[in-house]
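Novice: For the record, the sequence lines run as chains F and G. Numbered per our numbering, the first sequence spans residues 1 to 248. Numbered per our numbering, the second sequence spans residues 1 to 637.
If you are wondering where the hints come from, they were derived from the structure by calculation, not from laboratory data. Please note that the accuracy of each hint is not assured.
What the hints assert, rightly or not - Which stretches of chain G does chain F cover? Using the computed rule of at least three CB atoms under 8 Å from a CB of chain F, they are:
#1 57-69
#2 72-83
#3 134-140
#4 544-555
#5 600-614
As the list claims (entries may be wrong) - Simulated crosslink set (DSBU-like; lysine-lysine; CA at most 35 Å straight-line):
#6 G:K618 to G:K487
#7 G:K102 to G:K488
#8 G:K363 to F:K147
#9 G:K601 to G:K253
#10 F:K242 to G:K253
#11 G:K485 to F:K47
#12 F:K20 to G:K488
#13 G:K213 to G:K464
#14 G:K618 to G:K601
#15 F:K20 to G:K493
#16 G:K477 to G:K538
#17 F:K47 to G:K538
#18 F:K25 to G:K538
#19 F:K148 to G:K369
#20 G:K20 to G:K184
#21 G:K6 to G:K18
#22 G:K520 to G:K2
#23 G:K495 to F:K4
#24 G:K392 to G:K6
#25 G:K619 to F:K25
#26 G:K363 to F:K20
#27 F:K105 to G:K184
#28 F:K20 to G:K213
#29 G:K487 to G:K477
#30 G:K184 to F:K170
#31 F:K25 to G:K493
#32 F:K47 to G:K495
#33 F:K4 to G:K477
#34 G:K619 to G:K538
#35 F:K20 to G:K495
#36 G:K618 to G:K637
#37 G:K253 to G:K33
#38 F:K147 to G:K369
#39 G:K485 to G:K253
#40 G:K363 to F:K148
By construction, the Cβ of each residue, glycine as well, lies at the ideal position given by its N, Cα and C atoms.
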Amino acid sequence: MNLKLHVWRQSGPNDAGAMKEYVAKNVNPHMSFLEMLDVVNEELQSKGEEAIAFDHDCREGICGMCSMVINGLPHGGHRGVTTCQLHMRHFNDGDEIWIEPWRAKAFPVIKDLVVDRSAFDRIIQKGGFVSVNTGGAPDANALPIPKKEADQAFEAAACIGCGACVAACKNGSAMLFVGAKASHLGHTPQGDVERFDRARAMTMQMDAEGFGTCSNLSQCEAVCPKTISVKVIAELNRDLLKAQFKGK
Amino acid sequence: MKLDSKTPSGPIEQRWTKHKFDLKLVNPANKRKYRVLVVGTGLAGSSAAASLAELGYQVDAFCFQDSPRRAHSIAAQGGINAAKNYRNDGDSVFRLFYDTVKGGEWRARESNVYRLAEVSVNIIDQCVAQGVPFAREYGGLLDNRSFGGAQVSRTFYAQGQTGQQLLIGAYQALSRQVGLGAVKLHARHEMLELVVIDGRARGIITRDLVTGKIESHVADAVVLASGGYGNVFYLSTNAKGCNVTATYRAYRKGAGFGNPCYTQIHPTCIPVSGDYQSKLTLMSESLRNDGRVWVPKAKGDARAPAQIPDAERDYILERKYPSYGNLAPRDVSSRAAKEACDAGKGVGPGGRGVYLDFADAIKRLGPNKIGERYGNLFSMYQTITGDSPYEKPMRIYPAVHYTMGGLWVDYNLESTIPGLFVIGEANFSDHGANRLGASALMQGLADGYFVLPYTLGNYLATAKAPKVDESHPEFKKAADESTAKLKKLLGIKGKRTVDSFHRELGLLMWEKCGMARNAKGLNELIQQIPALREEFWKNLNVPGSDGNLNLALEKAGRVADFMEFAELMARDALDRDESCGGHFREEHQDEEGECVRNDDKYMNVSVWEYAGDGQAPKKNVEPLSFEYVHPAKRSYK
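Just need the whole structure built from these sequences, with the hints factored in.
Specialist: In structure tokens:
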């Protein structure tokens with residue numbers, strides 16, 4: 001099939017940027033979306049033009065590096081997949097596709113479709129951990145964890161830190177990302193110890209980075225490639241409220 | 001090149017304890033005076049950087065990705081081994097040690113492997129303390145599953161994303177140290193060169209991938225945790241960015257490269273679907289707990305799998321290896337799949353595939369239980385292929401997955417360059433000629449959490465090297481060379497893209513240095529690689545500049561190193577005139593197609609020494625001896 005692409009091109013952080021048109025020819029339905037772009041890029045480069053810059057690495061939906069808004073939806077809007085797992089069989093011959101970077105104040109564009117997500121790392125650095133040093137841990141089975149709790153921790157820990165939640169939110173809020181970390185650690189007894197300090201510290205950093213607030217519209221859950229539920233935001237809010245009462 | 005393995009003597013179960021006591025310590029007040037650079041932030045790098053910072057050293061951590069959490073350890077699916085014996089099924093440190101030595105076909109150092117098995121139990125404790133959500137049973141205790149090459153269930157897991165959960169644990173530990181100011185993080189930075197001064201590793205040259213700035217970083221020790229070189233084949237299960245540059249640059253500066261020919265071909269990957277393919281996706285080995293591998297008995301049988309009755313199916317692994325069945329080790333299982341496809345029994349387009357069938361397990365346990373075990377792997381398969389494994393067997397084929405070779409290190413994980421330590425997949429490691437499933441995560445974390453923090457201190461306490469800074473001529477020289485190389489790549493202005501060269505190199509390697517190798521093919525390869533390399537340097541086209549984010553330029557630098565490294569790999573494969581583990585030389589097989597080793601000549605590590613451009617590298621040998629696990633025919637029948 002042949003496709004018409006409208007791609008955001010921006011040569012650097014200070015460049016204004018604009019949509020540019022390209023044609024993707026002979027696209028095979030088994031290709032992934034990124035492989036389709038690879039083919040376009042090969043053609044651009046063989047003409048001596050610079051390739052469309054986009055972040056990608058594992059290409060199997062787990063590293064969280066790929067980050068594109070496709071036709072207005074982060075990762076293309078298919079439930080539970082990242083851009084690298086989106087296959088061209090979902091498109092038809094003659095389709096027009098609009099491709100943009102994550103758009104959020106806290107994720108400035110570096111080039112084309114590549115954005116700076118280091119704000120996420122700084123949030124984790126403020127409290128997204130259990131304060132335990134290497135060595136001296138008790139036997140792993142010393143403390144049983146109910147399967148239900150462990151499963152809930154796992155569901156939240158499935159977050160790959162891609163930032164689709166932020167890109168989808170009209171406020172550019174990172175509440176799903178922060179909530180996922182709070183919920184992951186909060187559902188383990190090891191993480192429970194610091195839960196209130198963690199909730200406060202991560203949320204304050206989130207605000208400082210310029211992420212917006214949450215309006216409970218759940219668009220983040222709809223686009224999350226790991227289908228993380230907005231209930232993690234409720235859990236985070238509960239921790240924040242309790243933290244106030246506890247004077248944290 | 002002097003190869004002193006520094007292996008302690010005495011009973012094997014006491015060696016690490018004794019060695020730890022013999023290692024010199026650095027007192028807490030002095031630790032903060034030392035700077036250590038850690039290149040790579042996967043399981044090995046993140047765990048090492050966090051642990052060293054906790055001890056008090058100044059640490060700088062580098063990764064080429066936008067965040068340390070993206071390192072490719074994240075993609076490991078199945079699990080991590082540990083000799084906990086929580087299942088009461090006869091496991092022990094000694095059994096894990098035994099299985100690993102045997103699994104690697106007696107090509108690893110016994111003392112190292114024993115230590116790995118010994119600390120494996122601490123890793124699980126550490127990870128649980130960090131909040132890693134391993135799978136649990138209803139009683140609240142940890143669950144286990146089985147992996148290839150073992151008859152006990154010792155694999156801990158978190159659905160099909162164990163790597164992600166372990167890496168997030170290590171990343172959180174690292175992030176905590178960054179937050180405390182003990183680690184300085186350099187994301188989107190790539191190491192281009194190692195700086196050696198007076199015979200010691202004293203720093204690295206990096207490129208800031210966003211601004212293009214070439215930077216010098218001075219240190220008292222350098223740790224490479226930069227992963228494996230599977231992408232020399234272009235198509236592999238590795239992430240697109242995985243590369244050999246850090247280790248290959250160190251090799252050129254004098255670090256010995258151990259057993260580069262040992263590569264692991266993983267039996268269960270989604271087959272190649274077209275020539276646009278950019279990477280291969282692994283389907284976890286854990287699937288072989290419940291999946292059965294089969295092909296039609298008749299050649300060219302094109303019926304749908306459900307139409308082929310049981311009597312007309314060949315369950316290849318169960319037939320050939322009745323005692324391990326579908327859980328035969330990776331090298332053995334891959335070869336069985338290739339053999340069936342070579343005999344014309346392969347399934348799917350091009351006949352390069354075998355079935356991995358869950359029908360019996362679904363009948364026995366129900367779809368819910370199977371979904372609980374493998375849900376995310378099944379949906380991953382369906383996303384890529386469009387087929388549901390609940391209804392139709394998966395179609396799989398072997399693909400390059402892991403590299404057992406790497407920079408040679410002694411018992412202290414120190415390379416032949418004093419002050420240069422190598423951990424995780426980047427070193428030549430404890431896996432010998434074949435790695436068992438769920439052992440890569442174990443080794444990465446063992447090195448980073450529990451070995452390096454001890455051995456690195458000993459180096460710093462005894463080295464007493466004078467202070468140097470960025471103004472040293474060696475730094476200037478290395479930085480100038482790195483800049484010149486980038487300019488050269490940009491200046492060729494030829495006709496071909498980086499990827500077209502990388503693909504061509506990969507195809508050559510897969511055909512002649514892949515799952516099966518022979519002297520004729522390898523000799524041809526050693527002629528073909530330099531010719532391709534010459535064309536690369538004449539006809540490459542890299543658009544853009546070196547002053548900003550330029551993905552083609554990054555790739556070009558990595559492929560330039562692969563072009564040289566590939567030749568080293570081919571030479572090693574030719575030189576090792578035997579079959580062992582992942583290294584299968586067609587000349588050396590028995591009547592059933594199993595490996596035939598030559599212990600008299602090759603019970604050793606081949607350590608290659610750089611001899612200058614255009615010169616054949618020099619081979620050095622570390623002999624291996626086995627006091628506890630006696631070499632025998634490696635049988636899984």
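Novice: For every hint, state whether the structure bears it out.
Specialist: Going down the list of hints, with the structure as the test:
For the segment 57-69 of chain G, the stated coverage by chain F is satisfied: 5 residues place a CB nearer than 8 Å to a CB of that chain, which reaches the threshold of 3. Judged by the Cβ-Cβ criterion of 8 Å, the segment 72-83 of chain G is covered by chain F as claimed, because 3 of its residues qualify and three suffice. Only residues whose C-beta sits within less than 8 Å of a C-beta in chain F count toward coverage, and the segment 134-140 of chain G has 7 of them, enough to reach three; the restraint holds. For the segment 544-555 of chain G, the assignment as covered by chain F holds, since 6 residues bring a beta-carbon within under 8 Å of that chain's beta-carbons and 3 suffice.
Against chain F, the segment 600-614 of chain G contributes 0 residues with a C-beta closer than 8 Å to a partner C-beta. That does not satisfy the three-residue criterion, and the hint is violated. Of the pairs offered as hints, the one joining K618 (chain G) and K487 (chain G) holds, with about 31 Å between alpha carbons and a cut-off of 35 Å not exceeded. A distance of roughly 47 Å separates the Cα atoms of K102 (chain G) and K488 (chain G); the hinted pair therefore is violated under the 35 Å criterion. With a C-alpha separation of about 25 Å, the suggested pair K363 (chain G) and K147 (chain F) falls inside the 35 Å cut-off, and the hint holds.
The suggested pairing of K601 (chain G) with K253 (chain G) holds, with an alpha-carbon distance near 29 Å, which does not exceed 35 Å. Straight-line distance between C-alpha atoms of K242 (chain F) and K253 (chain G) comes to about 57 Å, which puts the hinted pair past the 35 Å bound. With a CA separation close to 23 Å, the supplied pair K485 (chain G) and K47 (chain F) stays within the 35 Å bound. The suggested pairing of K20 (chain F) with K488 (chain G) holds, with an alpha-carbon distance near 30 Å, which does not exceed 35 Å.
The suggested pairing of K213 (chain G) with K464 (chain G) holds, with an alpha-carbon distance near 32 Å, which does not exceed 35 Å. About 17 Å separates the Cα atoms of K618 (chain G) and K601 (chain G), which keeps this hinted pair within 35 Å; it holds. Taking the CA atoms of K20 (chain F) and K493 (chain G), the gap is about 25 Å. The hint holds against a cut of 35 Å. A threshold of 35 Å between alpha carbons decides the hint, and for K477 (chain G) with K538 (chain G) the separation of about 25 Å falls inside it, so the pair holds.
Note on K47 (chain F) and K538 (chain G): the hinted pairing holds, with a Cα-Cα distance of about 17 Å set against a maximum of 35 Å. Note on K25 (chain F) and K538 (chain G): the hinted pairing holds, with a Cα-Cα distance of about 29 Å set against a maximum of 35 Å. Among the hinted pairs, K148 (chain F) with K369 (chain G) is consistent with the structure: their alpha-carbon atoms are about 16 Å apart, no more than 35 Å. Note on K20 (chain G) and K184 (chain G): the hinted pairing holds, with a Cα-Cα distance of about 28 Å set against a maximum of 35 Å.
Distance restraint check for K6 (chain G) and K18 (chain G): the Cα-Cα separation of roughly 13 Å lies within the 35 Å cut-off, and the hinted pair is therefore satisfied. Distance check on the hinted pair: K520 (chain G) and K2 (chain G) sit about 32 Å apart at the alpha-carbon level, within 35 Å; holds. A threshold of 35 Å between alpha carbons decides the hint, and for K495 (chain G) with K4 (chain F) the separation of about 26 Å falls inside it, so the pair holds. Proximity of K392 (chain G) to K6 (chain G) is assessed by CA-CA distance (about 53 Å); at most 35 Å being required, the pair is judged violated.
With a C-alpha separation of about 49 Å, the suggested pairing of K619 (chain G) with K25 (chain F) is violated against the 35 Å cut-off. Restraint check for K363 (chain G) and K20 (chain F): the C-alpha separation of about 53 Å exceeds 35 Å, so the hint is violated. Restraint check for K105 (chain F) and K184 (chain G): satisfied, since their Cα atoms lie roughly 25 Å apart, inside the 35 Å limit. In summary, the hint linking K20 (chain F) to K213 (chain G) is supported, as the alpha carbons are separated by about 29 Å, within the 35 Å threshold.
Between K487 (chain G) and K477 (chain G) the CA atoms are separated by roughly 15 Å; this keeps the pair inside 35 Å, and the hint holds. At roughly 33 Å between alpha-carbon atoms, K184 (chain G) and K170 (chain F) fall within 35 Å of each other, so this suggested pair holds. Annotation: proposed proximity of K25 (chain F) to K493 (chain G) holds, straight-line Cα distance about 25 Å (limit 35 Å). With a CA separation close to 9 Å, the supplied pair K47 (chain F) and K495 (chain G) stays within the 35 Å bound.
Proximity of K4 (chain F) to K477 (chain G) is assessed by CA-CA distance (about 48 Å); at most 35 Å being required, the pair is judged violated. Proximity of K619 (chain G) to K538 (chain G) is assessed by CA-CA distance (about 30 Å); at most 35 Å being required, the pair is judged to hold. Between K20 (chain F) and K495 (chain G) the alpha-carbon distance is near 24 Å, which keeps this suggested pair within the 35 Å criterion. For the hint pairing K618 (chain G) with K637 (chain G), the CA-to-CA distance comes to about 39 Å; that exceeds 35 Å, so the pair is violated.
Our distance criterion of 35 Å between C-alpha atoms is met by K253 (chain G) and K33 (chain G), whose separation comes to about 26 Å. For the proposed pair K147 (chain F) and K369 (chain G), the alpha carbon gap of about 15 Å is at most 35 Å, so the pair holds. With a C-alpha separation of about 16 Å, the suggested pairing of K485 (chain G) with K253 (chain G) holds against the 35 Å cut-off. For the hint pairing K363 (chain G) with K148 (chain F), the CA-to-CA distance comes to about 26 Å; that is within 35 Å, so the pair holds.
Checked against the numbered hints given earlier, this structure breaks hints 5, 7, 10, 24, 25, 26, 33 and 36; the rest are met.
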